[in-house]
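**Student:** Sequence:
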Amino acid sequence: MSELHASSTHLVLIPSYNPGAKVDTTVHNAREQWNPVWVVVDGSTDGSAERLQAMAERDPGLRVIVLPENRGKGAAVLAGLDAAAASGFTHVLTMDSDGQHPADLIPAFMAASQAAPDAMVLGVPKFDGSAPQLRVQGRRLSNAWADLETLWAGIGDSLYGFRVYPVAPLAAIMRRQPWMRGFDFDPEAAVRLCWAGVRPIRIDAPVRYFGRHEGGVSHFHYGRDNALLAWMHLRLFTGFAMRLPMLVARRLTRRRDQTA
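The working numbering numbers the first residue of the sequence shown as 1188 and each following residue consecutively.
It is possible that part of the hints are untrue.
[Stated by the list, open to error] Derived pair list, reagent style EDC-like, types lysine to aspartate or glutamate, alpha-carbon separation capped at 16 Å:
| id | residue 1 | residue 2 |
| --- | --- | --- |
| 1 | Lys1313 | Asp1291 |
| 2 | Lys1209 | Asp1283 |
| 3 | Lys1313 | Asp1391 |
| 4 | Lys1209 | Asp1233 |
| 5 | Lys1209 | Glu1237 |
No lab work stands behind these hints: they were computed from the structure.
Using the sequences and the hints, build the whole thing.
**Tutor:** Encoded structure:
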């Protein structure tokens, strides 16, 4: 493992649930680009927790947090946020454990965050031929709703989980309400952070989907997860309506500042 200077403010946070063998490569690639890297094992039963713990014993730049039962992606991220805050970190870069996200872009995303620490850095996915078209088309609807709910604040893609978040505002938002604990975490985090005044910075990032023959593992359930997203957007639209005067005033203020 290459020796990298350990950041005292920014870490890579990888929530992981039964990811298969891909998590080993994902963590290795992330550690080649950044120090430290933390993995939150969300109640996995596939033996990955033991493998990751063995890796961490050999690598001081890797920390593994094991949750006793599966709580959902957002809950795993929140556990990581709480641990990060307790250790003095101010920002986390979240990435999936299945190898879909580009580890080689970690330094660029971290640099963008370090240059604008009050912002969130959101990846904008660039899909190749491996992407299931049904999911690519379906996410456009969720993105359209997220744009409306933020008055087109510039999220870009509401579902892509390769992002740098400021720890304090995200953790505070999550502690105030019971949502954002599962598949709904990524889009709701982006929308609610925009409501809180956290500015999005967008960076293009490639996405690679792996088939089963390549060791790919998917926990996406089309009916269940789309129903969860529909319920989420119903809640967010209600919140948007309540915040509309504030969002309009903020947008007009920013436009005036840009033209001044």
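**Student:** Against this structure, judge whether each hint is valid.
**Tutor:** Outcome of the hint check:
Between Lys1313 and Asp1291 the CA atoms are separated by roughly 15 Å; this keeps the pair inside 16 Å, and the hint holds. Of the pairs offered as hints, the one joining Lys1209 and Asp1283 holds, with about 10 Å between alpha carbons and a cut-off of 16 Å not exceeded. Restraint check for Lys1313 and Asp1391: the C-alpha separation of about 7 Å stays at or below 16 Å, so the hint holds. Simply put, Lys1209 and Asp1233 have alpha-carbon atoms about 12 Å apart, close enough for the 16 Å limit, and the pair holds.
Between Lys1209 and Glu1237, the direct Cα distance comes to roughly 14 Å. Compliance with the 16 Å bound is thereby established for this hinted pair.
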